[in-house]
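Colleague: Go ahead and model the full structure; you've got the sequences and the hints to work with.
The residues making up each chain are set out below.
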Amino acid sequence: MNGGEGLLRWAAPGLLGLAVLALWEGLVRAYAVPDYVLPGPVAIARALAADWPLLSASLLVTLEVAALALVAAVSVGGLLAVLFAQSRWVERALFPYAVVLQVTPIVAIAPLILIWVDSVTIALLICAWIVAFFPILSNTVLGLNSADRNLADLFRLYGATRWQALWLLRLPSALPFFLAGLRVAGGLALIGAVVAEFVAGAGGAGSGLAFRILEASFQLRIPRMFAALALISACGIAIFALLGLVQHLLLRRWHESALRPER
Amino acid sequence: MTAPSPSPPATREGASAASAPLVSLRGVGKRFANGTLALEGVDLDIAPGEFLSILGPSGCGKSTLLRLIAGLAEPSAGRVAWAPGHEERRREIGFVFQDPTLMPWATALDNVRLPLRLAGLPRAEGEARAAAALARVGLAGFERAWPRELSGGMRMRVSIARALVTRPSLLLMDEPFAALDELTRHRLNDDLLALWAESGITVVFVTHSVFESVYLSTRIAVMAARPGRVAAELRQDGAPAPREPEFRTSAAYAALCREASHALAAATAAAP
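Residue numbers (full-length UniProt numbering), protein chains in the order written: chain Y, 1 to 263; chain V, 1 to 272.
Possibly wrong hints are sitting among the right ones.
[Unchecked claim] If we take Cβ atoms under 7 Å as the criterion, some of the chain Y residues that face chain V in the derived model are: (1) W24; (2) A147; (3) N150; (4) L151.
[As the list claims (entries may be wrong)] Just a sample of chain V residues kept apart from chain Y, beta carbon distances all over 12 Å, derived: (5) A73; (6) R129; (7) M154; (8) T249.
[Claimed, not checked] What the simulated footprint calls covered on chain Y by chain V, stretch by stretch (three residues with Cβ under 8 Å from a Cβ of chain V suffice, anywhere in the stretch; the number is not a length): (9) 152–163; (10) 168–175.
It should be emphasised that the hints constitute simulated quantities derived from the structure, not laboratory data. Even glycine gets a Cβ: it sits at the ideal position worked out from N, Cα and C.
Modeller: Listed below in structure tokens is the structure:
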């Protein structure tokens with residue numbers, strides 16, 4: 001790929017975004033739409049700059065919940081997947097309950113968890129974890145079970161222990177699947193954290209971006225609401241890109257998905 | 001592997017007839033869980049040092065037979081017996097699949113080292129032996145290469161190096177060159193023969209190619225299908241002891257191919 005083409009790849013969506021923002025600003029000004037109905041990008045940017053101390057503190061709170069939930073989802077989802085892969089019976093017994101957790105809407109469970117758990121932070125963490133762990137679990141189970149049959153025979157032929165087969169064959173085979181699940185889970189952890197905050201509606205010093213959105217809407221500070229929303233989106237994109245980079249770095253040597261087409 | 005092949009060790013003279021078989025199959029049958037009878041009444045002796053080809057049409061149970069010899073499956077009838085002193089199979093067998101079956105996440109060296117690693121050999125010793133095995137198949141200098149960077153023929157060489165790294169006494173090969181182009185296949189055939197001649201290893205080679213089996217083997221077991229069984233055994237006495245590439249174009253080769261083709265045709269026609 002040459003430099004010019006690479007530039008164009010980034011320039012095309014960037015220019016489109018700028019054009020949409022300009023059109024938005026132009027329409028808002030032309031029709032004199034008040035800020036409390038629809039603020040223009042300039043007003044939103046101004047709010048973002050003015051409220052940055054408040055918003056950035058809330059951003060850190062939300063990001064912390066999302067990151068911890070993702071770590072918990074990776075540990076528990078990964079361990080459960082390895083456990084499931086040890087025996088079909090364990091998988092058959094437990095998998096339906098994992099599905100139940102996944103299909104039950106988090107907004108419906110969150111109030112219960114908030115009642116049962118004293119610490120709001122822990123409750124938020126649990127909600128975000130419930131949303132994030134399933135893609136990791138189901139993808140990793142699929143990956144652990146899709147090791148090459150002939151390679152598995154080879155391991156058997158050489159008398160490999162269960163542990164050796166897991167460590168040297170099944171886990172590496174599962175890695176691309178796990179990473180694909182991780183990329184989905186990263187976004188879901190953020191969504192889970194925000195949704196749980198909405199339900200909790202917790203205010204005070206340690207409140208996250210979702211509470212800032214609620215607060216701003218009550219106070220009709222719509223530009224701040226949009227600014228918080230933009231921050232959440234930007235974080236989601238950053239998490240997705242970061243996990244994509246992790247995926248690329250781990251797989252670039254050997255996996256088909258990370259290879260560039262030959263030219 | 002490119003060195004001219006020395007003639008086989010003297011001990012191989014008449015080995016197949018005189019000494020006790022390394023592995024002997026008696027009345028071996030295999031019925032799968034779904035009821036398919038893959039093999040029935042197979043009697044076969046594998047003599048130490050021979051190059052035995054198992055020749056047959058697709059679906060005649062050749063691969064199943066190889067898996068039974070390797071101990072990857074258990075026969076549902078009859079038995080597979082090893083010569084005394086050779087009972088511990090995993091030390092004795094190298095297996096080459098139809099596909100190279102390499103771990104894509106590991107370098108050529110790590111792929112070849114796998115059997116030694118599974119046996120608990122220290123890393124330094126394992127790497128030294130794996131590098132030597134790669135050199136034997138003509139891949140010195142490719143230790144750090146990833147499987148996807150290698151050509152089909154080179155991947156198969158890595159697979160062969162992995163099978164040889166434990167210094168097995170029996171090398172089982174399941175149509176290893178079927179997916180390769182003809183030139184690559186011929187070169188691998190010659191290199192395999194050189195390896196066989198210099199190491200004294202016993203080879204059981206499954207193939208559906210009459211020409212390949214005649215070129216390589218000291219003996220051919222022709223199989224028939226449904227149920228899979230050994231229909232004929234051909235001793236390749238007319239073939240020169242160290243094969244030269246010119247053998248492919250000789251009259252003796254043509255005659256042996258004709259004989260093997262007839263045997264295969266008869267076996268296939270007899271199938272219901």
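Colleague: Evaluate each hint against the coordinates.
Modeller: Status of each hint after checking the structure:
no., hint, verdict
1, W24, "violated, 47 Å"
2, A147, "violated, 10 Å"
3, N150, "holds, 4 Å"
4, L151, "holds, 6 Å"
5, A73, "violated, 9 Å"
6, R129, "holds, 14 Å"
7, M154, "holds, 16 Å"
8, T249, "holds, 35 Å"
9, 152–163, "holds (count 8)"
10, 168–175, "holds (count 4)"
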